[in-house]
Amino acid sequence: MTRRTTLVLQAVAVALVASLVGLLAWQVVNKEAAAGLVSAVQRGETPAAPPLDLPELEGDGRISLASYRGQAVVLNFWASWCEPCKEEAPMLEAAWKRHRERGLVVLGVNAQDFEDDARDFVDRYGLTYPIVHDGPGSSLGRYGLTGFPETWWVDRAGRLVAYVQGEFTQEQLDANIEKALTPS
Amino acid sequence: MTRALALVVAALAVLAVAAPAAPASEQSPTLAELERELVCPTCETTLAMSNSPIADRMRADIRERIEAGQTKSEIKAAMVEQFGEAVLAAPPRSGFNWLAWLLPFGGLAGAAVVVTLLARRWLRSRPAPAAAGSGPGANGGPPLDPVLERRVDEELARFDA
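Line by line, the protein sequences give chains W and V.
Residue numbers are given in the working numbering: position 44 of the first sequence equals residue 44, and the series is strictly consecutive.
Residue numbers are given in the working numbering: position 135 of the second sequence equals residue 319, and the series is strictly consecutive.
Keep in mind that the hints were calculated from the coordinates and are not lab data.
Heads up, a few of these hints could be off.
Unchecked claim - Only pairs whose alpha carbons sit at most 20 Å apart, straight line, appear in this in silico SDA-like list of lysine to any residue:
| no. | chain 1 | residue 1 | chain 2 | residue 2 |
| --- | --- | --- | --- | --- |
| 1 | W | Lys86 | W | Glu167 |
| 2 | V | Lys260 | V | Ala296 |
| 3 | V | Lys260 | W | Asp134 |
| 4 | W | Lys86 | V | Asp240 |
| 5 | W | Lys86 | V | Arg241 |
| 6 | W | Lys86 | V | Pro237 |
| 7 | W | Lys86 | V | Ser236 |
| 8 | V | Lys260 | W | Asp116 |
| 9 | V | Lys260 | V | Ala216 |
| 10 | V | Lys260 | W | Pro136 |
| 11 | W | Lys97 | W | Gln172 |
| 12 | V | Lys260 | W | Asp117 |
| 13 | W | Lys179 | W | Ala94 |
| 14 | V | Lys260 | W | Glu115 |
| 15 | W | Lys86 | W | Thr128 |
| 16 | W | Lys179 | W | Lys86 |
| 17 | V | Lys260 | W | Gly137 |
| 18 | V | Lys256 | V | Pro327 |
As the list claims (entries may be wrong) - Short derived list, chain V residues pointing at chain W, Cβ under 8 Å:
| no. | residue |
| --- | --- |
| 19 | Pro237 |
| 20 | Ile238 |
| 21 | Arg241 |
| 22 | Asp245 |
| 23 | Gly268 |
| 24 | Ala270 |
All of these numbers come straight from a predicted model, not from anything done at the bench.
Cβ coordinates follow ideal geometry from the N, Cα and C atoms, glycine included.
The following block holds chain W by itself, in its conformation from the complex (with noise of 0.2 Å):
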């Protein structure tokens, strides 16, 4: 083997092996970053919203998170199939109703379901709040979510403001709703 080869060889190594490791690196970073967004809001700090950009579930529109800068959102998960998300519709369907004078808006993501299931439960509890479509959940990592329901409260100014993991209260939507509406 000529001196040459063996360079190629090891070198050919060294970067598979630096690929691999860099790929680990990159989806333990992505992991902790999203992992890192509920505890920073936990600390009581507010950390930017991560983009989000999905097609309608009605409509062949998309819609877009940034889109909705200069409003409060409150950006609920969530799927037909869960037991929780059907406790949440009608009072985020409500506060939608009472609050969007103000400036707020309701974001569904249906996320990991089927899309005529989630139709189905949009026609059953009268939902006409926004409402997008992530069938693969590919959004799901990016907020650092566990499972359905969860919820994020977005300021004005695109920053998470609040989190609840599970099915929240009637107080938590509304108190956070008023830390969403409220300047900082």
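With chain W held as given, fit chain V onto it using these hints.
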């Protein structure tokens, strides 16, 4: 040697590509086999191993599609449309996904090449055994010092006398 290696690599590649689903299974899939080939999106295990609500819902949907006469590919395509490619237990053999199929075999072939080259190098670096009776160093040891050799010859001659 190179030819043999090429054959091994080709055979491994063929193994990776081969064994497509049997036609009968493609035309008349069963729920059990699709449960093994599809993943529950929330729990990231196969449907066969999951009792989550979405897994139950997916099973019901698959059952309906089987009864409607859909092929395995059609059912899988419908699931991918709803949940993305991550719903497939094995990545499809296309585009970038080929990497997942070929990398293990590539790694094995690469390791075989490295081991072969190292073995050849090691064999070449070993001193060749010398032919018997070929003078100094005939037993594989270093050649005798000429002074010492002459002295040994003198001693042997005296011994013989």
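Hint by hint, here is what the structure shows:
no., hint, verdict
1, W:Lys86 - W:Glu167, "holds, 10 Å"
2, V:Lys260 - V:Ala296, "violated, 37 Å"
3, V:Lys260 - W:Asp134, "holds, 18 Å"
4, W:Lys86 - V:Asp240, "holds, 18 Å"
5, W:Lys86 - V:Arg241, "holds, 17 Å"
6, W:Lys86 - V:Pro237, "holds, 14 Å"
7, W:Lys86 - V:Ser236, "holds, 17 Å"
8, V:Lys260 - W:Asp116, "holds, 17 Å"
9, V:Lys260 - V:Ala216, "holds, 14 Å"
10, V:Lys260 - W:Pro136, "holds, 14 Å"
11, W:Lys97 - W:Gln172, "holds, 17 Å"
12, V:Lys260 - W:Asp117, "holds, 18 Å"
13, W:Lys179 - W:Ala94, "holds, 18 Å"
14, V:Lys260 - W:Glu115, "holds, 16 Å"
15, W:Lys86 - W:Thr128, "holds, 15 Å"
16, W:Lys179 - W:Lys86, "violated, 24 Å"
17, V:Lys260 - W:Gly137, "holds, 18 Å"
18, V:Lys256 - V:Pro327, "violated, 76 Å"
19, Pro237, "holds, 4 Å"
20, Ile238, "holds, 5 Å"
21, Arg241, "holds, 5 Å"
22, Asp245, "holds, 7 Å"
23, Gly268, "holds, 3 Å"
24, Ala270, "holds, 6 Å"
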